[in-house]
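Participant: Start from chain B and add chain U according to the hints.
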Amino acid sequence: MTGSPIEVRGLNHFFGTGEARKQAIFDINLSIARGSLTILMGPSGSGKTTLLTLIGALRDIQEGSVVLLDHELRGAPEAELVALRRRLGFIFQAHNLHESLTATQNVLMGLEVHGKGNAAKQRIASHHMLDLLGLAARRDYFPANLSGGQKQRVAVARALVSNPEIVLADEPTAALDKASGHTVVEMLKSLGKTRGTTTVMVTHDARILEMADRIITLEDGRVVTDKSQ
Amino acid sequence: MSRLLTLLFGRLPIGWLQLSHNRGRLLAAVSGVAFANLLVFMQLGIMGALNGSTLAPYALLNTDIILSSQEGNTLTDSEHIARVHMFQALGVAGVADATPLYIGDLPFTLDDGTSVALLTFGVDVTQPSFVSPAVAASLERLTIENTVLLDEDTRGMPAPVLESLSSGASYSFEAMGETLTAIATMTVGGGFLADGMLVTSDQTFLRVFPTRYSGAPDHILLRIDDGVSADTVATRLRAALPSASVRVQTTQGAKSADLAFMSSERPTGIIFGFGVFMGILVGLVIVYQVLSTDVADHLREYATFKAMGYGQTFFLGIVFEEAIVLAVFGFIPGFFVSMGLYAGLVAVTGLPVSMEASRAIFVFLGTLAACTLSGAIATRRLANADPADLF
Chain B
1 MTGSPIEVRG LNHFFGTGEA RKQAIFDINL SIARGSLTIL MGPSGSGKTT
51 LLTLIGALRD IQEGSVVLLD HELRGAPEAE LVALRRRLGF IFQAHNLHES
101 LTATQNVLMG LEVHGKGNAA KQRIASHHML DLLGLAARRD YFPANLSGGQ
151 KQRVAVARAL VSNPEIVLAD EPTAALDKAS GHTVVEMLKS LGKTRGTTTV
201 MVTHDARILE MADRIITLED GRVVTDKSQ
Chain U
1 MSRLLTLLFG RLPIGWLQLS HNRGRLLAAV SGVAFANLLV FMQLGIMGAL
51 NGSTLAPYAL LNTDIILSSQ EGNTLTDSEH IARVHMFQAL GVAGVADATP
101 LYIGDLPFTL DDGTSVALLT FGVDVTQPSF VSPAVAASLE RLTIENTVLL
151 DEDTRGMPAP VLESLSSGAS YSFEAMGETL TAIATMTVGG GFLADGMLVT
201 SDQTFLRVFP TRYSGAPDHI LLRIDDGVSA DTVATRLRAA LPSASVRVQT
251 TQGAKSADLA FMSSERPTGI IFGFGVFMGI LVGLVIVYQV LSTDVADHLR
301 EYATFKAMGY GQTFFLGIVF EEAIVLAVFG FIPGFFVSMG LYAGLVAVTG
351 LPVSMEASRA IFVFLGTLAA CTLSGAIATR RLANADPADL F
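Chains B and U are the protein sequences, given in the same order. First residue of the first sequence: 1, per the working numbering; consecutive thereafter. First residue of the second sequence: 1, per the working numbering; consecutive thereafter.
Think of the hints as simulated: they come from the structure by calculation, not from any bench. Quick reminder that beta carbons are idealized off the backbone N, C-alpha and C, glycines included. Where hints are given, some of them may not hold.
[Stated by the list, open to error] Over the 10 Å line for every Cβ pair with chain B, so calculated as not near, a few chain U residues:
id : residue
1  : S170
2  : A260
3  : Y310
4  : S354
5  : I377
[Stated by the list, open to error] Stretch-level coverage of chain U by chain B, calculated; a stretch enters the list once three of its residues show a Cβ under 8 Å from a Cβ in chain B:
id : region
6  : 14-27
7  : 85-96
8  : 298-305
[As the list claims (entries may be wrong)] Quick look at which bits of chain B chain U covers, simulated, 3 or more residues with Cβ under 8 Å:
id : region
9  : 12-21
10 : 44-58
11 : 173-184
So here's chain B without its partners, still in its complex pose:
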């Protein structure tokens, strides 16, 4: 891979059409370093979640450029975007676990997207990831029988089990207690150091700000501060 895994240049984004058209992102330029943990901050409506979805190949790029893992997203065919998304790990604020699947099966979904593999190995990897997140005793529980924090940790396990190159997280610690939140962020930091996993996280959680390598603040769709620490 050449350069940084995420390169954003002159990015603008609009919602709506005609007179109702409203610009949400204004001329954003970013280069995210490989293996880093970057936090996006800002008030509600500042555009951080929109930026996350644009970086995650979940929305069409209207103006400007986003180069993700050496692939230009603007104008890329859907198949290429789908293939790229398989190299990412998404952690949503709402866990979005599948209610019909157990914790292990939910995590397995993070592996099966890469195709048929050794089912036994995939199961072991899923169990290992759940164990790391303190869910060894909850492997076979359905989401309905898990607490909010446990569900969120299953969602984290699902995002990380396939060793993604980039993790995009939206308030991943909001539903977690201090210790669990710390564990999750430590895990992301550790993945950055050992495997070069790059993390971009939207959060308001002041408890984890000190652990970030870089904090970018957005307001009204513009980057207002960009601090490395």
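Facilitator: Quick look at chain U alone, frame taken from chain B:
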């Protein structure tokens, strides 16, 4: 089940897991598909009985070509044909022999007051080669005036009467002002137009039906020379006989024409065909409703999977997997309940209703196709699963 499907698909059987997780919905869906199956099976069963009873009288005959009036509809719903055409036919190359066949409906009241309608065949008792071996064996005895062969599957016929006939005794009864004596039995069975059948000599027939006369039978049966094609002889006959009044059909052609007439021109055939259509429609709607609700309920999960990199074929696979599960699980109870109802229908009506393997396979494949079609329609809602909305 989950392990088996996981091995089969090489992935988690999401469709099955979704359906089985919500047992109430699964039960409702399976019941719906089973009910639709039941509807289709019952309609097809009765339609099959209609076809079976239409063709059953042919089993009494042994003929290669049948001459009939153009005004007639089927073997048993016929008009008269001039016997002179029999002699004309005998002059056509390839025709070996010919005989007239007389058909009439004989009303008859049982000792308990039950009215029974017997479809009566009057045949030439000197021509045993034109009837089935079972009838031919007793044909000589029918030379005795007013003797008949009685259908042992006649609806409503008391069992003691049939038992006494089987043991060699005779059974006399009054019909159309004549005293008829059944001397033996044969097996055909009742249908939609008659409760059973009777075979007698043409002489007895003409006595029982005084308005009929020997010069105007219902059909003329022909046998052809060995080694000659029935189609070839039929073509020659069509050229030789007046096409405006005489219909020439091979026996197979006559059977096919009778079935086509009963299924497309008789109200009964159209009604049962419509019933099959309604059953399929009910199944389609039920499965569509279940699958479409299921897709709507899981849109966020599907959107998550989309964000994770799952493609459209994966989601189609889930919906079709659910469709197949519903088809299989709905077919099994539908099949067995239908078998039970078939048995009940046979006991009550005596109609030849039976579960044929071809029908079971047809309904199963139809159920699969209908469920798949419903699934295909339901997948349109997948387009609403937008992963960008998750954030």
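Participant: Does each hint hold? Answer for all of them.
Facilitator: Hints, verified against the model:
1. S170: holds (72 Å)
2. A260: holds (50 Å)
3. Y310: With a cut-off of 10 Å, Y310(U) comes too close to chain B, as the shortest Cβ separation is near 6 Å.
4. S354: holds (41 Å)
5. I377: For I377(U), whose nearest Cβ neighbour in chain B is about 22 Å away, the distance exceeds 10 Å, so it holds.
6. 14-27: holds (count 6)
7. 85-96: This one is violated; 0 residues, fewer than the three required, reach chain B with a Cβ under 8 Å.
8. 298-305: holds (count 6)
9. 12-21: violated (count 0)
10. 44-58: holds (count 5)
11. 173-184: The restraint on the region 173-184 of chain B is violated, since only 0 of its residues have a Cβ under 8 Å from chain U and three are required.
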